[in-house]
Amino acid sequence: MGYRETYDAWKADPEAFWLEAAEAIDWVEKPTKALDDTSAPLYEWYADGVMNTCWNAVDRHVEAGHGERTAIIWDSPVTRTRQEITYATLRERVARMGGALKARGVGKGDRVIIYMPMIPEALVAMLACARIGAIHSVVFGGFAAHELAVRIDDCKPKAILAASCGIEPGRIVHYKPLLDGAIEQSTHKPEFTVIVQRDAEECELIPGRDFAWHAFQAKATPCDCEPMAGTDPLYVLYTSGTTGQPKGVVRPNAGHAVALAWTMKNLYAVEGGDVFWAASDVGWVVGHSYICYGPLIAGCTTVVFEGKPVGTPDAGTFWRVISEHKVKSFFTAPTAFRAIKRDDPHAEHLARYDISCLNYLFLAGERADPDTVNWAADKLGVPVIDHWWQTETGWCMVGNPAGLELLPIKVGSPSVPLPGYDVQVLDEAGHPVPAGTLGAIAVKLPLPPGTLPTLWNAEERFRKSYLSHFPGYYETGDAGMIDADGYVWIMARTDDVINVAGHRLSTGAMEEVLASHPDVAECAVIGVADELKGQLPMGFVCLTKGVNRPAEEIVKECAALVRQEIGPVAAYRMTLVVDRLPKTRSGKILRATMVKIADGESFKTPATIDDPAILDEIRTAVKGLGYPHAKAEA
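Under UniProt numbering, the residues of the sequence shown are numbered 1 to 634, in order.
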């Protein structure tokens with residue numbers, strides 16, 4: 001079946017659809033029912049099923065005779081290391097680590113924090129927890145001690161699995177002092193830690209509390225997979241909250257495995273034996289879904305990459321990895337391609353590599369502007385598929401299902417809702433709006449398998465954050481529209497829809513215009529307070545490498561472009577040329593923080609920021625405009 005037939009089949013009988021999808025994984029006890037709606041609007045999937053995620057990701061492939069197939073390719077340009085791990089070897093390592101954790105008293109329902117860089121041991125740690133039924137919570141390696149302490153106190157881990165250090169271009173990130181500081185600050189104390197000692201920096205272990213990775217499991221007895229109820233949590237992953245207190249997204253075992261199995265085949269168009277690469281980090285949801293679990297559940301080879309899109313060693317590193325490892329489907333963030341485009345605008349590095357193995361490029365994590373999509377499509381010669389989802393959902397809400405049927409690509413839209421997602425655009429009162437009208441994007445309940453059923457120890461916060469504003473819907477926090485063909489357009493976060501003299505305008509639409517300027521490599525538009533018009537747009541642009549024209553000329557051209565494409569109603573006049581934009585480590589631009597800087601408000605530096613020094617650069621640039629005292633012209 002193609003897309004329309006598949007989507008209609010889900011809508012006509014969601015129960016039958018998701019029970020059939022559940023056939024793609026192994027069960028100890030098959031579920032008799034897909035959806036449990038007895039506690040609506042809190043829903044659960046496969047409540048009477050019993051399975052184990054680690055078995056589905058590792059053991060079953062070995063049992064099926066694929067033990068010698070490569071499960072993990074570790075490619076680390078920062079350490080000049082490459083390593084391949086077969087499914088048989090992976091099972092051995094995971095079973096031994098699981099056995100070692102069990103011997104130390106870690107069992108079903110216990111929490112384990114994982115604080116690691118992009119090394120194979122990070123996946124082994126995740127899978128070992130899944131094997132024994134412990135709930136893992138991966139915290140991005142290098143997070144500040146205070147932020148790690150907050151997460152320790154929230155999920156109360158019995159153990160922490162970490163590494164001595166992370167390696168960035170030109171510097172070592174000292175993980176162990178951060179870990180020690182976090183444990184010292186936290187009220188809850190883990191019983192023990194296990195540390196991967198890296199060659200770049202070995203750390204000092206505290207006797208009785210800290211154990212070296214290899215010594216910890218040297219004498220352990222490998223363990224079997226623990227049968228898990230379908231609704232048992234696999235992991236808790238913290239995402240930033242508006243209050244500054246992180247939200248622990250809960251991911252149940254069965255729905256997660258079923259949804260990921262479905263997407264690997266039907267969205268990403270890969271199957272057992274294919275090489276799939278998601279250039280993200282295990283600390284983010286993409287790393288959970290599509291570096292660790294998704295590819296392995298599908299029997300693919302997953303690439304674990306420890307490097308950057310530029311600087312390790314150059315803007316051709318992505319092409320090298322694709323070429324050398326025969327990557328079939330590649331998934332990364334638009335910001336990575338903007339970095340490559342800025343550094344190598346003519347893709348000269350690409351000529352050195354044969355990437356004919358590549359079938360698709362998938363982009364997600366932030367809105368994929370048309371200029372970036374078109375550049376990538378032109379240089380790579382493959383379909384470039386934007387798709388939209390969130391930490392909370394764990395997998396794609398809106399995308400172009402290449403494995404089912406590659407639909408016509410509308411550049412700027414992530415395409416169409418996938419089965420399980422009844423996506424609607426609502427006005428402030430919660431009523432659906434006509435096609436082509438900007439509004440709040442929401443998903444009619446219930447959400448499909450694999451999405452969050454609640455937040456960790458915070459059910460009321462879950463209801464308030466996602467379910468209360470639009471009763472009967474999951475509020476995504478994004479704004480956009482659905483066109484006459486059913487394609488969804490994500491224009492901005494709801495907070496980024498600005499009101500200029502009574503006109504609701506999308507900052508995303510303005511960014512799209514600015515990005516079309518030939519000298520602009522990357523941009524962001526925010527809404528800033530204005531006494532006369534309520535809000536005004538302010539643009540920030542980073543120029544392509546090698547541009548030598550006066551910034552004043554480019555600023556004038558940017559204003560003229562927005563006026564031409566969107567109209568005088570946007571009142572767009574302020575453009576700042578900056579060297580870089582403040583981003584999270586996963587590549588999201590910190591627009592809300594930029595707004596606070598521009599409006600002269602106090603703010604807390606986000607824990608996820610890649611480099612806090614950029615905020616001072618933004619502050620200096622804004623002050624150069626005379627803002628926040630700038631006034632709009634009448």
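Hints are not guaranteed to be accurate.
Below are the DSS-like pairs computed for lysine-lysine, each with C-alpha atoms no more than 25 angstroms apart in a straight line [stated by the list, open to error]:
#, residue 1, residue 2
1, Lys30, Lys11
2, Lys410, Lys588
3, Lys556, Lys464
4, Lys102, Lys156
5, Lys326, Lys265
6, Lys545, Lys533
7, Lys588, Lys604
8, Lys308, Lys588
9, Lys308, Lys30
10, Lys156, Lys30
11, Lys379, Lys326
12, Lys444, Lys464
13, Lys533, Lys556
Computed beta-carbon distance windows for the label pairs [as the list claims (entries may be wrong)]:
#, residue 1, residue 2, range
14, Gly436, Lys33, 50 to 58 angstroms
15, Pro432, Gly181, 48 to 56 angstroms
16, Ser39, Arg619, 44 to 52 angstroms
Read the hints as simulated data drawn from the structure, not as lab findings. The C-beta atom is built at its ideal place from N, Cα and C for all residues, glycine as well.
A quick look at each hint next to the structure:
1. Lys30 x Lys11: Judged against 25 angstroms, a Cα distance of about 23 angstroms means the pair holds.
2. Lys410 x Lys588: The given pair, whose Cα atoms are some 23 angstroms apart, holds under the 25 angstroms limit.
3. Lys556 x Lys464: violated (44 angstroms)
4. Lys102 x Lys156: holds (17 angstroms)
5. Lys326 x Lys265: The given pair, whose Cα atoms are some 18 angstroms apart, holds under the 25 angstroms limit.
6. Lys545 x Lys533: Roughly 36 angstroms between the alpha carbons, so the hint for Lys545 and Lys533 is violated.
7. Lys588 x Lys604: It holds: about 17 angstroms lies between the C-alpha atoms, which stays within 25 angstroms.
8. Lys308 x Lys588: holds (15 angstroms)
9. Lys308 x Lys30: violated (42 angstroms)
10. Lys156 x Lys30: violated (32 angstroms)
11. Lys379 x Lys326: Within the cut-off at roughly 18 angstroms; holds.
12. Lys444 x Lys464: Distance of about 16 angstroms is within 25 angstroms: holds.
13. Lys533 x Lys556: holds (21 angstroms)
14. Gly436 x Lys33: 50 to 58 angstroms: violated (39 angstroms)
15. Pro432 x Gly181: 48 to 56 angstroms: holds (50 angstroms)
16. Ser39 x Arg619: 44 to 52 angstroms: Since the Cβ atoms of Ser39 and Arg619 sit about 47 angstroms apart, the hinted range of 44 to 52 angstroms holds.
Consistency note: the structure conflicts with the earlier hints numbered 3, 6, 9, 10 and 14.
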